[in-house]
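J.: For reference, the chains in residue letters:
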Amino acid sequence: MSFFNSITLLFNGITLALSLSFLLIILWQDTRQELNQFFAIFLFLVMCWNAGSLLAQTASLIDADLSFIKIAISLMELGFTGSSIAIYTLTAVLVRIHTRRFRWLAFTGMALILAYQFFLIVTDAPIRFEQFDAGIFTYQPQPVSAIFYLIFDTSTFYLVWRYRRKIRSRSLVVGIVLFVIGQSLGLLNPELRALSISINLSSFAALMISFSILRQEIITPLAERVVQVEAMHKVSLAITSQISIDTVLNQIATQAVGWLDADGSGIFLNRENELELATVYNLPRQFVHRRIALGEGIAGKVAQTHQSIHVESYPRDWRGKDDLPLAQETFGSVICVPLIYGGEVIGTLMVIAGQQGRLFNPNDVYLLELLGSQAAVAIAHSQLFADQRAATLQAAAARSQLETVLIGTENPVIAVDRQLRLIFANPAAEALFSIQYNARDRLITEIFPANTLPSNFREVLSELRRNRTHVYEVSLDNKIYLCHLALLGRPRIAGWVAVLNDVTQLKELDRLKSEMVRMTSHDLKNPLQAAMANLDLLRDDVWDSGNSEVQQSIEAIEKQLERMYRIINGILDLERIKTGTQLQEICRPARLVEETLEELQHLADDKAIRLDATVDANIPDFMGDPEQFKRALINLVENAIKFTPSGGIVTIVGRQNNAGVLFEIKDNGIGIPVELHTQIFERFFRGRQKGVEHVSGSGLGLSLVKTIVENHHGRVWLESQVGAGTTFFVALPGIAVK
Amino acid sequence: MKVLIVDDEQAIRDALGRKLRREGFDVVLCADGLEGLRAFHAERPDLVVLDIIMPGGMDGLTVCRRIREVADTPVMMLSAQAITEEDVIQGLTAGADEYLIKPVRLNEFVARIQALLRRAQIAAPENEQGYNDGYLTIDLHRRHVHVDGHKIHLTPTEFKLLAVLMENAGRVVSQRDLLEQVWGHEYIDDIYYPRVYISQLRRKIEPDAANPIYILTEHRIGYRFEKQSPTTPKSD
Numbered sequence: 002m003s004f005f006n007s008i009t010l011l012f013n014g015i016t017l018a019l020s021l022s023f024l025l026i027i028l029w030q031d032t033r034q035e036l037n038q039f040f041a042i043f044l045f046l047v048m049c050w051n052a053g054s055l056l057a058q059t060a061s062l063i064d065a066d067l068s069f070i071k072i073a074i075s076l077m078e079l080g081f082t083g084s085s086i087a088i089y090t091l092t093a094v095l096v097r098i099h100t101r102r103f104r105w106l107a108f109t110g111m112a113l114i115l116a117y118q119f120f121l122i123v124t125d126a127p128i129r130f131e132q133f134d135a136g137i138f139t140y141q142p143q144p145v146s147a148i149f150y151l152i153f154d155t156s157t158f159y160l161v162w163r164y165r166r167k168i169r170s171r172s173l174v175v176g177i178v179l180f181v182i183g184q185s186l187g188l189l190n191p192e193l194r195a196l197s198i199s200i201n202l203s204s205f206a207a208l209m210i211s212f213s214i215l216r217q218e219i220i221t222p223l224a225e226r227v228v229q230v231e232a233m234h235k236v237s238l239a240i241t242s243q244i245s246i247d248t249v250l251n252q253i254a255t256q257a258v259g260w261l262d263a264d265g266s267g268i269f270l271n272r273e274n275e276l277e278l279a280t281v282y283n284l285p286r287q288f289v290h291r292r293i294a295l296g297e298g299i300a301g302k303v304a305q306t307h308q309s310i311h312v313e314s315y316p317r318d319w320r321g322k323d324d325l326p327l328a329q330e331t332f333g334s335v336i337c338v339p340l341i342y343g344g345e346v347i348g349t350l351m352v353i354a355g356q357q358g359r360l361f362n363p364n365d366v367y368l369l370e371l372l373g374s375q376a377a378v379a380i381a382h383s384q385l386f387a388d389q390r391a392a393t394l395q396a397a398a399a400r401s402q403l404e405t406v407l408i409g410t411e412n413p414v415i416a417v418d419r420q421l422r423l424i425f426a427n428p429a430a431e432a433l434f435s436i437q438y439n440a441r442d443r444l445i446t447e448i449f450p451a452n453t454l455p456s457n458f459r460e461v462l463s464e465l466r467r468n469r470t471h472v473y474e475v476s477l478d479n480k481i482y483l484c485h486l487a488l489l490g491r492p493r494i495a496g497w498v499a500v501l502n503d504v505t506q507l508k509e510l511d512r513l514k515s516e517m518v519r520m521t522s523h524d525l526k527n528p529l530q531a532a533m534a535n536l537d538l539l540r541d542d543v544w545d546s547g548n549s550e551v552q553q554s555i556e557a558i559e560k561q562l563e564r565m566y567r568i569i570n571g572i573l574d575l576e577r578i579k580t581g582t583q584l585q586e587i588c589r590p591a592r593l594v595e596e597t598l599e600e601l602q603h604l605a606d607d608k609a610i611r612l613d614a615t616v617d618a619n620i621p622d623f624m625g626d627p628e629q630f631k632r633a634l635i636n637l638v639e640n641a642i643k644f645t646p647s648g649g650i651v652t653i654v655g656r657q658n659n660a661g662v663l664f665e666i667k668d669n670g671i672g673i674p675v676e677l678h679t680q681i682f683e684r685f686f687r688g689r690q691k692g693v694e695h696v697s698g699s700g701l702g703l704s705l706v707k708t709i710v711e712n713h714h715g716r717v718w719l720e721s722q723v724g725a726g727t728t729f730f731v732a733l734p735g736i737a738v739k
Numbered sequence: 152m153k154v155l156i157v158d159d160e161q162a163i164r165d166a167l168g169r170k171l172r173r174e175g176f177d178v179v180l181c182a183d184g185l186e187g188l189r190a191f192h193a194e195r196p197d198l199v200v201l202d203i204i205m206p207g208g209m210d211g212l213t214v215c216r217r218i219r220e221v222a223d224t225p226v227m228m229l230s231a232q233a234i235t236e237e238d239v240i241q242g243l244t245a246g247a248d249e250y251l252i253k254p255v256r257l258n259e260f261v262a263r264i265q266a267l268l269r270r271a272q273i274a275a276p277e278n279e280q281g282y283n284d285g286y287l288t289i290d291l292h293r294r295h296v297h298v299d300g301h302k303i304h305l306t307p308t309e310f311k312l313l314a315v316l317m318e319n320a321g322r323v324v325s326q327r328d329l330l331e332q333v334w335g336h337e338y339i340d341d342i343y344y345p346r347v348y349i350s351q352l353r354r355k356i357e358p359d360a361a362n363p364i365y366i367l368t369e370h371r372i373g374y375r376f377e378k379q380s381p382t383t384p385k386s387d
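Just so you know, the sequences run in chain order A and B. Here the first sequence is numbered in this note's numbering, starting from 2 and rising by one per residue. Here the second sequence is numbered in this note's numbering, starting from 152 and rising by one per residue.
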């Protein structure tokens, strides 16, 4: 018997010592934590219970004084009832019930027990125990203690069952349950020896609890920290290793699940103000690329508010739109954190536990936010990297394309630097100029024949600076090339590039065309002369006979012949101006306008149109062919007269425009629709507007004007309003006044 | 007045002929250059109208040159070939007094012919003595010009031009004035006439046509006849 007792004692002692040492470790680690404090109280009360029981037994064995036994039993009673309250509070803290009612209940219970025990000792109330021989000691607990026990242990059971998912450690649950069972055993069996079995059981349970708490509070966090550090390391690696965006996203999704012991995760990325599910882990793959609007679902809300959201139960706590199909049916606890980079939400990271999975706590939110901040950097960087790589690839492709074009083209292309040293010549250029491979960096004057280079370098360079391009003709090997010069580099000029176009055939074609035009118009002019001459004779013969129909016919034929004549002349004029040499004389705008008026006054008078002209006194002169230019002015004014109804006004204005000359030919005629503004300068274009059908013309007048003005390095354009009138502008560079 | 018309195009030839006859001219019609040249010698016309492009190896320019070798009968070119100024200048340098571009209305054609005939018949002013500096001698009255002792041949237009310049010796005569006085006011716009004729004249009377001393160009205004001192020896 004593052997059994001593074994029991020994076991008790060891378990309690172990529990105490665990308590020490836990308290040493963090005394301020609520759980640790409550655990210390719990262990203290278990010790009281144990010590009381031990003292009572010992006292009965040595036939000690009754009052001593009573004190021991009081201590035991206090420990027993107290520990049942303590196990309840401990469980409550474990499952995180933080209501005021709970604390109030716990403290009131404690106070009541203490007061009651104190009352028993003070009033010297009889203790119901019997003492047999051989140390058998039967003890009947106080009914009040039994009530306390019943209330708190039942509550404990309820808590453990209700919040079983919140207690992550199985051994903790087992320990608590075991402790409650141990207490029940003691209550049911009043024999102290049997009570010692209950004490042993409870001590063991206390050991289990303390070990579990130790593991939950110290060992598991340490292990988790290792996992977290590893995960962080992997995410950091992902940031620095510049792997593809998909790999980065997968990494983050996987790490988040491993880190929080979750069941699945997903990453939404912000695309055009919508969230797109970019990657999933342990969720159906067909959900990828689903989109939700900002503000919808948990993910949308997080992206909108920049705040993390944590729900313990998706179907119960989330009242908004579902993030994904079947979320209501499958999701349990959910944490979603924003991925913020540079102040912008680039997406959200959502970690999900199944409905039977664990419940996340605020610490998990904190951890996930930590991961989220790293993930945001990783995602942003890999996106930037992907963009950059795409840009680089594009640039490379464009470059290779350009190279292919340059190498493949039959047009010789040559580039030189600012010192006029060769920096590039394509194969066509190398072949044409027999450029050696080692010619690079040599001066172009050493490489190219003198007649292929511009005769006046300085002039060409200044023109390039003005117009960015310069064209001149080059004759080589019986071929004619047009050499286009352009600037290389912008804004700083790095050199010049020349592209040669073989225009030999075009030149020949042009010559043939001119020849043909010449022949054709000649061949047309003879019949025209014959027809006109005979018509004139006919008119002399029959006009006075007075037959009005014959007169009409003669007039019609005459009109058509005149028209034909104008067309032929128009073609020839254009040809002449295009091929003919142009005089370079000083032209006086006032004189040209005056002569134009003289020429057309008659025409205007016939149509009762007022012809006005104002020329500024300070208008500069310009260089050109005065006759040719007068031709352009005449054409413009003639046109204006033609397309202005009787009684209208045609005004010619000549004035200074910056350093140049600006002519305005303004009418208040029928106007020209804007869509025709460029077309009317084309050859043979004739307006088909209402009201101009009767107007005769060759359709070459404005084309001629354009050619002449361009020959004078000028520009012609118009402004017009249908029904209100048209203004033609001719701008020319002036010459400095002497 | 007899007019010779050379044109390969029968319809033109006939129409021109009919018109001139109606206006009271005698008309001789020829279809090609050779025939025309023969008719010129046979008929001695007062005026010749020449087409330029004609079949048969002799074009209007050649016919004109051949006529100029022997006579200063007024010649009018009537051509469809007038693409550039050069074409006209070529015609005038061949010795033509007039260059009309086809098509031309009959009334204008007649008017031009009459003007040309008028120009050829204008007598020199009576009061002018002429000019003599030892190298160049001009006798306005007898219409004789001697250069370095040799009599040279001037067409009526060339002579008229020289006369107008000389009458205004020392003064600039504008292109417009020249055109009006030499050719008539109908010609006021044919600005290349003076240029061509001045260069022809220089070739004939100047010791060095490239560096003229008698007929000077006043740039973009006109021309001026400069008398030379008689003692200056003029020989190459």
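Since the hints were made in silico from the structure, they are not lab data. No experiment lies behind these values; they were computed from the predicted model shown. Careful, some of the hints might be misleading.
[Stated by the list, open to error] Partial pick of chain A residues on the chain B-facing surface, computed with a CB cut under 8 angstroms:
(1) 523
(2) 530
(3) 531
(4) 584
(5) 586
(6) 589
Even glycine gets a Cβ: it sits at the ideal position worked out from N, Cα and C.
J.: If a hint holds in the structure, say so; if it doesn't, say that too.
T.: Checked hints:
1. Interface restraint check: residue 523 of chain A against chain B, minimum CB-CB distance 5 angstroms, threshold 8 angstroms, status holds.
2. The criterion of a C-beta within 8 angstroms of any C-beta in chain B is met by residue 530 of chain A, whose closest approach is roughly 4 angstroms, and the hint holds.
3. Below 8 angstroms, beta-carbon pairs count as interface contacts, and residue 531 of chain A has one with chain B at about 4 angstroms; its hint therefore holds.
4. Here the hint on residue 584 of chain A is broken, as its CB sits about 10 angstroms from the closest CB of chain B, past 8 angstroms.
5. At a threshold of 8 angstroms, the smallest CB-CB gap from residue 586 of chain A to chain B is about 6 angstroms, leaving the interface hint in force.
6. Against a cut-off of 8 angstroms between C-beta atoms, the interface hint on residue 589 of chain A is violated, since the closest Cβ of chain B lies about 10 angstroms away.
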